[in-house]
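Colleague: Sequence:
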Amino acid sequence: MFRMTMLGACLFGLTACDPSTQVMLTGASVVSLAHTKKTVGDHFSTWAFDKDCSTLKYVNGREYCQEFPDEAAMQAPEKVLHCYRTIGGVSCYREPDKSASAQTKVY
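Position 15 of the sequence shown, counting from 1, maps to 14 under numbering that gives the first Met the number 0, and the rest follow consecutively.
Because the hints were derived from the structure by calculation, they are not lab data. Keep in mind that a hint or two might mislead.
Straight-line C-alpha distance at most 20 Å; calculated SDA-like pairs for lysine to any residue [what the hints assert, rightly or not]: (1) Lys36 / Tyr63; (2) Lys56 / Ser28; (3) Lys78 / Cys91.
No experiment lies behind these values; they were computed from the predicted model shown.
Could you build all of it, start to finish, from the sequences and the hints given here?
Modeller: Now the structure itself:
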């Protein structure tokens, strides 16, 4: 509730400003959109609702605010590599080399 009150107070305070402040706020939103893919309003909404809010997602047909993705779901599974000594150094493969001897395997 505190976050919503603070968000309302910030937005209400910005509406009473002169036109030059509106131009600066629009400029800040454009710069923010270019660097973070979120406008200044999106950052306020993300903070207020504790969800991932984005105008770009909304324009592309998704919901404006979504739950943050789970950390475990974002991590890619580990790729197991099988590495062997060769004359020029070490060669690695996704699948084990059946013709390689145990002496050339790098652990």
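Colleague: Now tell me if each hint is right for this structure.
Modeller: Cross-check of the supplied hints:
At roughly 13 Å between alpha-carbon atoms, lysine 36 and tyrosine 63 fall within 20 Å of each other, so this suggested pair holds. Of the pairs offered as hints, the one joining lysine 56 and serine 28 holds, with about 16 Å between alpha carbons and a cut-off of 20 Å not exceeded. The hinted pair formed by lysine 78 and cysteine 91 meets the criterion: a straight-line CA distance of about 12 Å does not exceed 20 Å.
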